[in-house]
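Asker: Residue strings, one per chain:
There are 4 protein chains.
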Amino acid sequence: MKRVSILGASGYTGRELARLLASHRELQLDGFLAAREGVAPEAPELECDRAVEPLDWARVERCDGVFLCTPHGTSAELARKLVAMGKRVVDLSADFRLKSAPSYHAVYGHAHAAPELLAGAVYGLTEHARDAVARAQLLANPGCYPTSILLALKPLLAAGLVDRAHTVVCDAKSGTSGAGKNPSERTHFGNVHENFLAYGVGTHRHAPEIRQESGLDDLVFTPHLLPVFRGILSTVYVKPKDGVTAADLRACLASAYAGERFVRVFAKGQPELNRVQRTNECHLAVAESGPLCVLTSAIDNLVKGASGQALQNMNLMLGCEESAGLV
Amino acid sequence: MKRVSILGASGYTGRELARLLASHRELQLDGFLAAREGVAPEAPELECDRAVEPLDWARVERCDGVFLCTPHGTSAELARKLVAMGKRVVDLSADFRLKSAPSYHAVYGHAHAAPELLAGAVYGLTEHARDAVARAQLLANPGCYPTSILLALKPLLAAGLVDRAHTVVCDAKSGTSGAGKNPSERTHFGNVHENFLAYGVGTHRHAPEIRQESGLDDLVFTPHLLPVFRGILSTVYVKPKDGVTAADLRACLASAYAGERFVRVFAKGQPELNRVQRTNECHLAVAESGPLCVLTSAIDNLVKGASGQALQNMNLMLGCEESAGLV
Amino acid sequence: MKRVSILGASGYTGRELARLLASHRELQLDGFLAAREGVAPEAPELECDRAVEPLDWARVERCDGVFLCTPHGTSAELARKLVAMGKRVVDLSADFRLKSAPSYHAVYGHAHAAPELLAGAVYGLTEHARDAVARAQLLANPGCYPTSILLALKPLLAAGLVDRAHTVVCDAKSGTSGAGKNPSERTHFGNVHENFLAYGVGTHRHAPEIRQESGLDDLVFTPHLLPVFRGILSTVYVKPKDGVTAADLRACLASAYAGERFVRVFAKGQPELNRVQRTNECHLAVAESGPLCVLTSAIDNLVKGASGQALQNMNLMLGCEESAGLV
Amino acid sequence: MKRVSILGASGYTGRELARLLASHRELQLDGFLAAREGVAPEAPELECDRAVEPLDWARVERCDGVFLCTPHGTSAELARKLVAMGKRVVDLSADFRLKSAPSYHAVYGHAHAAPELLAGAVYGLTEHARDAVARAQLLANPGCYPTSILLALKPLLAAGLVDRAHTVVCDAKSGTSGAGKNPSERTHFGNVHENFLAYGVGTHRHAPEIRQESGLDDLVFTPHLLPVFRGILSTVYVKPKDGVTAADLRACLASAYAGERFVRVFAKGQPELNRVQRTNECHLAVAESGPLCVLTSAIDNLVKGASGQALQNMNLMLGCEESAGLV
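Note that the protein sequences, when read in sequence, are chains G, F, X and A. Taking the working numbering as reference, the numbering of the first sequence is continuous, increasing by one, and the terminal residue is 327. Taking the working numbering as reference, the numbering of the second sequence is continuous, increasing by one, and the terminal residue is 327. Taking the working numbering as reference, the numbering of the third sequence is continuous, increasing by one, and the terminal residue is 327. Taking the working numbering as reference, the numbering of the fourth sequence is continuous, increasing by one, and the terminal residue is 327.
Just chain G, same shape as in the assembly (with noise of 0.2 Å):
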């Protein structure tokens, strides 16, 4: 049995990982903790839940592997020091998924606290980067919008289906479980009930990540509030090359998935947000609509969107069975 933490855990990743753990029979929840020393253990929000306690270096130390479900900024200091200590670490932040400083410091506006590990940080998408993922130190935990969306395009991009000089429109909705746990005008539920709008048109972090692991300049995101907790639904324009059918994305989609446990391709239907919500599985359709095709895409933005796939890499880090606690 292996040890692993999870330092900033008092929000919903945090929570999410130490619900999935709970079953897992090959790695131990060990420190369930706060990201800063000093901090007082955190009161559970009822009986049942377990407490945050206060930051415990002792802990860690024993652990193979730690999960950073803290925020961008703080992440990259606590990485460095994990990475000396010879840790496995999965950060849960945006600290470790652009490849480049200066891109960092123009999207998260500061500069980054330990540009030297960038290079060596492997992009967790794990689908497509189980190697590099199996060998990581340091591995940065896919954002939930470009998981939903780089699922759908990357298989069709590497088999050169798509027409890259046409703009790629990518549509996203989320639950409000995105936003945090914190008490906000935005998630306050007279704001959210029966009301749905866009929100960071055109000015969204996520947009520069989805370019960077996808290779298109030529996208554009918008992401959109849901009156609902858990999921994301991606929906997704891309241009067929000239003779490229729906029917050949369906089918490059499904070879290049098939065999995996968590992603599914629809041969017939629409993913729904209500069947994958509280699981690892990305479900994927495409249809034919004009001159385009439309790729949709479900996660649910906690599971694989965030703990989830957070806890498929770890598993592949520490050499346990990938699907472990997520089936």
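For the record, the hints were derived by calculation from the structure and aren't laboratory data. Quick reminder that beta carbons are idealized off the backbone N, C-alpha and C, glycines included. Any given hint could turn out to be false.
Claimed, not checked - Just some of the chain A residues that point at chain X, by a computed CB distance under 7 Å:
1) Ala-165
2) Glu-194
3) Asn-195
4) Phe-196
5) Gly-202
6) Leu-216
7) Val-220
8) Thr-222
9) Tyr-237
10) Gln-270
11) Leu-273
As the list claims (entries may be wrong) - Distance windows between CB atoms, simulated:
12) X:Ala-40 - G:Leu-157: 48 to 54 Å
13) X:Gly-73 - F:Ala-247: 57 to 63 Å
14) A:Arg-19 - X:Pro-291: 40 to 46 Å
15) G:Lys-2 - A:Glu-321: 53 to 59 Å
16) G:His-110 - A:Gly-269: 35 to 41 Å
17) A:Ser-184 - G:Leu-157: 45 to 51 Å
18) F:Tyr-199 - A:Arg-186: 20 to 26 Å
19) X:Gly-259 - A:Gly-202: 39 to 45 Å
20) A:Thr-245 - G:Arg-278: 52 to 58 Å
Following the hints, position chains F, X and A against chain G.
Answerer: Leaving out everything else, chains F, X and A in the frame of chain G:
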């Protein structure tokens, strides 16, 4: 005080019209009627509701205007009879939206029952057809999705600011009231709550209507089902012509709708469903996103997308204040 | 046209009053104001909202009536000043609901700031205090839960149909708008959606108010939080006196509220929140259940439970049509 | 590995059982079957669902246990046949819950189809009937509302802490999944969202079941419909005997359920639906409110209130670990 009747009153649009007419000072709702003869009066769902009464042509005869809240296919026959009676008719179904009988046949799967009326029917997107509406004998009330999309696109197309050669992507999201009042798998609470999905991808019947009225052949339309009751938010991606900016598009819309009571163009911020619900308003915004501009448009599908716009049109047809019953 | 102002306008009740007053033909909303001096004007959430302006006593001076949408504790001081200015005041807070200063202190945890006004304040459950309301200088607008429960109980108690020795159980369920506009853990979307719980069991501050106004010492009140925005449904269990039936209770209520515009007693069926939302109505039903009778009462907590009843009261105080702005 | 089948698998309880059995290490789900012969296989709603297959007695024959997810009236006939085949049977319908055939006839409106089995059927409120459950050939799985209410009441009644002469009020609130998978007016999204109401007041079929199992004749039960999918919260009002406090009741419950894996008694705080959803747990709290004590009890109606408790019972009947498939 002029008189109007509603035929096919038992659905959401009939009920919504009755709600709006209750505070109308120039129109009296005389008949709240079934669409077919021999139907027994329908008990209201609750004591406080108005009961649907059997079809009674004598009551229709004494009205000035008639709203058809009947399904497509049923409206055409009724419209023929009502036009022959000299009534002003607003048809909320799709029967007179498409200009050609063959197109109608192709889209709706059966021959048009009153093709001789198609040429004279006015497509009532009010802000863009006010004079023709005022003179119309038979008015085709626009579909809910087309209303939201066309209000955003038409001024920009008319001003020549959009590259028509570049596919326009319309990603639209609707509440469940668009699917009507009859229980179905699709609108069962257990299938809607906490859920979201695309439907009718590449095949929805509103696409030909949007293409006809926008004049854009190269337009892609994808509807989605939101876990809310009222409202449509459409996200429309256009490529501005060279040198044209998002600010130019915004200025064009602001100018086109200056003085309009029911269309609001945002200088900043994004439309939200909960700001237009139960109003006849359309809220519009423009943002830049890479090479494209993103238009967002919000309406209440049951009001501006159906009964509200129907009343706005009837007001013009019968010489009432255009906003009567709507503010 | 008489003038009114709202002090403490930034919350839900202030906004709701502004919505209702927009269509009022006899009252003009002059000041939409902060409650404290020196507060900068508050930008509206959206361009279409009305901005809250700084407190300006000159504007208050020219008004006939003032609504206090301020928190308890703040209202008392303002009321003293406004009464001294000769204004008619409707206070939506709890400051003048309890008749005794010691009770107030015990329930709200601080001394009452204007105890000399308590005796003269009128408890404005409109249908049961119409004459006193019309003469009131200072009116205590009833709490939302008490309104729903007292409208069901008072006629039955007055008619002597209920066994006062048997504990009356009031099991009440409210939407989240009762918790106000400020984000909190309790009203975070993630904590409300798909959830339901009791709160303040045995300790809620509305219990003493209900006991005072019903004259029932032996009354138990339990509030619950519904995953809806607007509305309260209270289920009230009473023991009828020997020989009294549910039909007798129903007839008593029907007789008491005959001719009332805003109270409806059902002959069959059950009140539902979605029939009273955005209305000033209260829907009541009575059913037999073993040895007890079950009264169900539905209101919109923001309308009949707050701003609607406040306007109904102000209408009477200023000599307007009682239902102006409310239908 | 023992084998079980589900008859009447197409509803929510059948689907939920399949979900739970998927991770069961001691039981294999062999037949996922229609309840009547000659029914064609039912295509799954989505590719990832398991299809319901035609009834096949050969497959049933090779099973050790059978779950009846059939409607009341249908279960009785099937149970007779299965008992004759020597199978262990868990019936999720109401057919074997009431102990007397005349009571059944009075409540369900038709004669019982297998009255000779009533005496031997075990009422499976697991924590209160563990030994009888283990020996049962035919088990009546308790109703959802009764489960939530009886788990709160039974230890207190057994300990003699409650005044049985004082009417016990059970005010219960359920999500819509209790109304089943078939679309209906009652569960149409437009009628559930943002709504809440009481139903079956004084007439619900679970009241006789609760009275029988609690031994309380003087008990009032009122169900309500919540705009959520899963969960029941029951608020139960009891009068403690003289000198008995809320703390005594809490201690009694804590002692009764010490060591129970699926029942949790709160020392502070209130049960919430979102803490029990998708679990087999029941959360209980006790609070004082004037002369009464308020018990609150939360379960997931589809798990502890149906399929979860059914599996817990089958586990005991077939000699498996009681919590297998449930944690």
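Asker: Look at each hint and say if it fits the structure.
Answerer: Hint by hint, here is what the structure shows:
no.	hint	result
1	Ala-165	violated, 11 Å
2	Glu-194	holds, 5 Å
3	Asn-195	holds, 4 Å
4	Phe-196	holds, 5 Å
5	Gly-202	holds, 4 Å
6	Leu-216	violated, 10 Å
7	Val-220	holds, 5 Å
8	Thr-222	holds, 6 Å
9	Tyr-237	holds, 5 Å
10	Gln-270	holds, 5 Å
11	Leu-273	holds, 5 Å
12	X:Ala-40 - G:Leu-157: 48 to 54 Å	holds, 52 Å
13	X:Gly-73 - F:Ala-247: 57 to 63 Å	violated, 48 Å
14	A:Arg-19 - X:Pro-291: 40 to 46 Å	holds, 42 Å
15	G:Lys-2 - A:Glu-321: 53 to 59 Å	violated, 26 Å
16	G:His-110 - A:Gly-269: 35 to 41 Å	holds, 40 Å
17	A:Ser-184 - G:Leu-157: 45 to 51 Å	holds, 46 Å
18	F:Tyr-199 - A:Arg-186: 20 to 26 Å	holds, 24 Å
19	X:Gly-259 - A:Gly-202: 39 to 45 Å	violated, 29 Å
20	A:Thr-245 - G:Arg-278: 52 to 58 Å	violated, 41 Å
Violated hints, listed in ascending order, are 1, 6, 13, 15, 19, 20; each of the other numbered hints is respected by the structure.
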